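As given, the protein sequences belong to chains A and B, one line each in that order.
What the first sequence shows, in full-length UniProt numbering, is residues 1 to 153, in sequence order.
What the second sequence shows, in full-length UniProt numbering, is residues 1 to 565, in sequence order.
Hints in this document: simulated from the structure, not taken from any laboratory.
All figures in this text were calculated on a predicted structure; none of them were measured in a lab.
Here a beta-carbon is modelled for each residue, glycine too, at the ideal position from N, C-alpha and C.
Some hints could be false.
One-sided and incomplete, this derived list gives chain B residues near chain A with beta-carbon spacing under 7 Å [claimed, not checked]:
#, residue
1, A8
2, E10
3, A11
4, V12
5, Q14
6, I88
7, K132
8, H133
9, A134
10, P136
11, F137
12, V139
13, A187
14, K435
15, E436
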Amino acid sequence: MTMAQERSDLLSQLGLNVQNRAAIGRVLGTGSIGQATEGADGRMSATIRIRPDEIAWDPSILVMPHGGDIDLEIINDDLNTHCALLPSNGDRKFIWLVNHSRGRATLNLDGPGYYWFSSPTGNDEGRGLTGAIVVLGDVPPEARLDRPDQPRP
Amino acid sequence: MTVEYVDAGEAVDQAKLSGKLPGNEIAPPVVEGVDYERILNARSEPENWLTYYGTYDGQRYSALDQINTENVKRIGPAWIFQAGSSGIIAGASTYSFEATPIIVDGIMFLAGWDGWVWALNAKDGTEIWRYKHAVPFDVSLCCGNVNRGVAVAQGKVFVVTANAHVLALDATTGKRVWDKTYGDVRAGESATVAPLVVKNLVIVGSSGGEFGVRGHLDAFDIGSGEHQWRCYTIPKPGEPGSETWPADGEAWARGGANCWLTGTFDAETNLLYVGTGNPAPDFDGGVREGDNLYTDSIIAVDVDSGQIRWHYQCTPHDVWDYDSIAECILFEKDGRKLLGHFDKNGYFFVLDRTNGELVNITPFVDRITWGAITRDGRVTAKVYPDEEGVPVHFYPGPAGAKEWTHAAYSPKTELFYVPVQDVGATATRRRREFKESIPYWGAGVQVDIEDMTGSISAFDADGEEKWRWRNELPMCASVLATGGDLVFAGEPSGEFNALDARTGELLWQFQCGSGHHSSPSTYMVDGRQYIAVPVGWGGWAEGFLPGMLGAGHGSALIVFALPES
Chain A
1 MTMAQERSDL
11 LSQLGLNVQN
21 RAAIGRVLGT
31 GSIGQATEGA
41 DGRMSATIRI
51 RPDEIAWDPS
61 ILVMPHGGDI
71 DLEIINDDLN
81 THCALLPSNG
91 DRKFIWLVNH
101 SRGRATLNLD
111 GPGYYWFSSP
121 TGNDEGRGLT
131 GAIVVLGDVP
141 PEARLDRPDQ
151 PRP
Chain B
1 MTVEYVDAGE
11 AVDQAKLSGK
21 LPGNEIAPPV
31 VEGVDYERIL
41 NARSEPENWL
51 TYYGTYDGQR
61 YSALDQINTE
71 NVKRIGPAWI
81 FQAGSSGIIA
91 GASTYSFEAT
101 PIIVDGIMFL
111 AGWDGWVWAL
121 NAKDGTEIWR
131 YKHAVPFDVS
141 LCCGNVNRGV
151 AVAQGKVFVV
161 TANAHVLALD
171 ATTGKRVWDK
181 TYGDVRAGES
191 ATVAPLVVKN
201 LVIVGSSGGE
211 FGVRGHLDAF
221 DIGSGEHQWR
231 CYTIPKPGEP
241 GSETWPADGE
251 AWARGGANCW
261 LTGTFDAETN
271 LLYVGTGNPA
281 PDFDGGVREG
291 DNLYTDSIIA
301 VDVDSGQIRW
311 HYQCTPHDVW
321 DYDSIAECIL
331 FEKDGRKLLG
341 HFDKNGYFFV
351 LDRTNGELVN
361 ITPFVDRITW
371 GAITRDGRVT
381 AKVYPDEEGV
391 PVHFYPGPAG
401 AKEWTHAAYS
411 PKTELFYVPV
421 QDVGATATRR
431 RREFKESIPY
441 WGAGVQVDIE
451 DMTGSISAFD
461 ADGEEKWRWR
471 NELPMCASVL
481 ATGGDLVFAG
491 EPSGEFNALD
501 ARTGELLWQF
511 QCGSGHHSSP
521 STYMVDGRQY
531 IAVPVGWGGW
541 AEGFLPGMLG
551 AGHGSALIVF
561 ALPES
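If we strip away everything but chain A, and leave its shape as in the complex, we get:
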């Protein structure tokens, strides 16, 4: 069993990170990783896009430095129509993304933890248009247990 190669090389060699080579679609979690930008007021922003014929989010893992509000620019550069269903406190946010379109979404998320977002049309979700938003940080001090620091994995 081949294990020693770099993960990205093996993904590419096997064709796991593209459409219709190894699997039918693109295996989830094989895409790019990006970090949100934080403004002086703590509000965050990022751009995610769908590139032609990739049927995947770029980045497919978006990292927020902490919980709070984030402004997303969402771009569909693909030659087909998709959409986005995004997690947010209050209600999930939905946007329709026709070919070559650009839209916006404002999300409010707690941290820490991670959330999935997707394009819930056809089987975009299975082909690769399922991404993750990872929120870093800790819960507020007042919510933590009154006990000595404990070992973690």
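Use these hints to put chain B onto chain A, whose structure you have.
Chain B alone, transformed into the frame defined by chain A:
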């Protein structure tokens, strides 16, 4: 040549795409007038189900009698609410309804899994508003993506989220008013409890007993969300009860005792009666010698201060996962203020609720092999995982002879009605190091998938069994008792049953299409009585009935009534 992008606009709330007509997303202000006095006197307005158990006493009894033993065979579905499930959610294979619907003057407030809350027209099931909290996919959940319901008061709906927030929503719009974090998801804490409103407080407990946390209750001001008190259910070194934990090491800091089920309340004693959860690690008692207070206990907590006034421990030094979280049903007998509690360990405890003194103790399930408790409360452990790697089989299994799902008490018949699970399990001790957020059981556990049974059993306050309605499968859903002398109880295989409260005779049955593991309630609108039951198999099925792990999920609230004509 650069082609300008098509402007896709701003993402909208998904609820805008749910067929609502403009203006129909605002609920009438029915919760504005719900205050402590009204909840205290909830028995006087049986048309509503104002608080988790219907009333503070935990009886799950409604005086409504339009549907009764004579006509119940004529009831049928009045409406169905289908919640559905989409996208990748935490515990994607475990979601289910575990809620009690709350009803105020024709409006129903219902919590689902994964952060859902709905306001529905209780007469026809029309969705008025929805709230969806974003729940992290990776939150620690021992027992499924579930939530047991909401509380309402002073214009707000209160709910906890799986990532241990407590929220206040505007009851007319579903919009967030305040949001407080009261648990640490990095420590393995979560939340599933239905909040309880008492006076100006909304009271919640934490989940996470399978991850080695320190259990606690928290109280918040209804109006502002300001934190009022925290009551830890494991004492720190030096505090009363700490002598029941090893003097060296930090077993206490990982000791469990989570209050993951709603308490009951007596305004005269000013005490909350709350059951606490299992110690951690669940099955490895060698790392926590002692009785391990206040695990597996009934604690009486002063509602104003959050101080524990007395306790009664049902299973000292538990090594079978016998949480005592079950409800404490308040009732009076011979002038005494008592509480009744059906414990996971298979015994029915009756205590004097003014001081915690034991009044009666009776087994309520046929097979109890873990140990025995004498009439005067002395506990002897007999069979338990002790030697590393040696399997031990015992009854009841870790879900208990009765899980969290609730018994009911009818003041009319003076009988308790309890859903019974007669299922065993095998545990093999496997000691492990504690690491924060990693499950901390101390054993491999397998619950039996054969040789099981169940019942709805009726007991009087002396522990005498008056009747038993037998079922081939364990009974895993809460019971509802009504003034129509009916007991409603759902089966794991989907049947929803009405039994005669005096005899246990099966009078009516409806196949709901999926198993029951939640809590029905009843209410009246425009002179018509309704019975509401959230349906859908899931949750911790591997714990309470793994023999049905392959059964289909469901996500419906079904509401029954007599024909209108």
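| said: Quick check on the hint: F137 (chain B) CB to chain A CB, less than 7 Å? | reply: holds, 6 Å
Restraint: K435 (chain B) near chain A, CB-CB cut 7 Å. Satisfied or not? With a closest approach of 5 Å, the K435 (chain B) hint holds.
Should the interface hint for H133 (chain B) be scored as holding, given a Cβ-Cβ cut-off of 7 Å against chain A?
-> holds, 5 Å
Is the interface hint satisfied for E10 (chain B)? The criterion is a beta-carbon contact with chain A at less than 7 Å. Check passed: Cβ of E10 (chain B) comes within 5 Å of chain A, closer than 7 Å.
Report task. Verify the interface restraint on E436 (chain B): the C-beta must sit less than 7 Å from at least one C-beta of chain A. Result -> With a minimum Cβ separation of about 4 Å from chain A (threshold 7 Å), the hint on E436 (chain B) holds.
Legend entry - Status of the K132 (chain B) interface restraint (C-beta, 7 Å, chain A): holds, 5 Å
Q: Against chain A, run the beta carbon of V12 (chain B) and see if the smallest gap drops under 7 Å.
A: Because about 6 Å separates V12 (chain B) from the closest Cβ in chain A, which is inside the 7 Å limit, the hint holds.
Check: Once the shortest beta carbon distance from A8 (chain B) to chain A is found, is it less than 7 Å?
Finding: holds, 3 Å
Q.
Please check whether A187 (chain B) passes as an interface residue: C-beta within 7 Å of a C-beta belonging to chain A.
A. Nearest chain A Cβ about 6 Å off; hint holds.
So, V139 (chain B) near chain A? Judge it on the closest CB pair being under 7 Å.
-> Holds - the Cβ of V139 (chain B) comes within 7 Å of chain A, reaching about 6 Å at its closest.
**Q.** Per-residue hint verdict: A11 (chain B), partner chain A, C-beta under 7 Å
**A.** With a minimum Cβ separation of about 4 Å from chain A (threshold 7 Å), the hint on A11 (chain B) holds.
Item to check | Status of the hint placing P136 (chain B) at chain A (closest C-beta pair under 7 Å) | outcome: With a minimum Cβ separation of about 2 Å from chain A (threshold 7 Å), the hint on P136 (chain B) holds.
Figure legend: structure checked against the earlier numbered hints; every hint is met.
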